[in-house]
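Residue numbers for the sequence shown follow our numbering, beginning at 623 and rising by one.
Think of the hints as simulated: they come from the structure by calculation, not from any bench. All values derive from a computational prediction rather than experimental measurement. Among these hints, one or two may not hold up.
[Stated by the list, open to error] Taking lysine to aspartate or glutamate pairs in the EDC-like style, the calculated list, with each CA pair at most 20 Å apart, reads:
no., residue 1, residue 2
1, 689, 775
2, 730, 752
3, 806, 752
4, 746, 735
5, 815, 752
6, 738, 752
7, 806, 735
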Amino acid sequence: RRVHGECSTRRALFKFVLVLVTLSFCNSLRFLSVTFVATMSESSSSSSSSSSRASLFAALSSLQPTKVAPLFGADAIAGITAAACVSPFVTAIDRSIIQSAAGTQPLKAALTDAFKQLFMSPHKFLMGRDFRLVWGVYGGTYVAANITQTVCDQLGTSAHIPKFIATSAANILLCVRKDAIFAKMFGAAAATKVPFTTLSLFTLRDCLTIAAAFNAPALVNAALAKMNAGKEGAGSSNGNATKWLTQIACPVSVQFFSTPIHLMALDMYNRQGATFASRLAFVRTKYLSIVAPTSRSS
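Input sequences plus hints: build the corresponding full structure.
Next comes the structure, spelled out in structure tokens:
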């Protein structure tokens with residue numbers, strides 16, 4: 623029991639760090655590629671940033687296709703490349719989580735099998751439907767976030783709300799579909815229609831995750847900057863350290879809320895006739911084994 627819990631915790635922490643490193647890599651790659659495109663393109667940015675507050679349609683139509691098309695291309699390359707780096711590991715972890723939650727295979731054995739296939743038969747792993755689904759989810763989400771950021775940069779407007787809407791739309795449509803297919807591929811129940819409640823909980827989980835990964839860090843940083851505005855010694859080095867800390871803390875913190883939602887969604891598919899009380903007991907058991915494994919030592 624204890625070994626299983628510690629393995630679950632290591633798996634959860636590994637996934638958090640992996641996704642955060644990839645987000646940082648994605649942003650860095652996007653910055654480098656966009657900078658390269660900007661320096662190579664003609665500096666014809668002295669067009670018109672006329673009219674103070676026109677409509678959104680007028681603002682969007684003012685974007686120059688010849689200028690933004692290379693930037694969008696760089697955004698797409700950065701997002702797809704970053705997704706390709708993280709997707710093999712996330713595929714192995716997601717597959718193992720679903721198999722463990724369904725009771726079809728212990729977590730440690732599922733992880734061992736997945737990573738053994740990844741490293742011993744990479745061609746089979748990378749050609750698998752599960753990998754392609756995960757790559758599509760991460761690639762679509764990163765590309766949507768990058769392109770939205772570029773559009774907002776060009777329009778000179780805040781990217782917080784547009785980026786949340788764009789990444790939510792991309793991630794929810796792709797991730798909910800992916801999780802529904804994963805539940806059928808690796809779940810305990812015979813492949814059947816995924817209940818609407820399961821899809822709804824997947825959607826709620828993804829909204830929380832997206833807000834914590836793409837929006838919360840910037841908002842928290844802005845609030846901390848206001849608090850430290852008048853204080854001495856709050857230099858750029860402290861600001862950078864705070865930025866990295868919030869980039870890590872926000873997505874990790876939200877897992878305490880999104881993990882029970884994810885477990886409940888899987889249980890609603892795997893045990894479609896179960897009572898609500900038994901579902902709560904299942905979520906409590908699995909949740910505690912991940913979040914507080916040491917409290918369950920026997």
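Here's how the hints hold up against the structure:
| no. | hint | in the structure |
| --- | --- | --- |
| 1 | 689 to 775 | holds, 13 Å |
| 2 | 730 to 752 | holds, 19 Å |
| 3 | 806 to 752 | holds, 11 Å |
| 4 | 746 to 735 | holds, 13 Å |
| 5 | 815 to 752 | holds, 18 Å |
| 6 | 738 to 752 | holds, 15 Å |
| 7 | 806 to 735 | holds, 19 Å |
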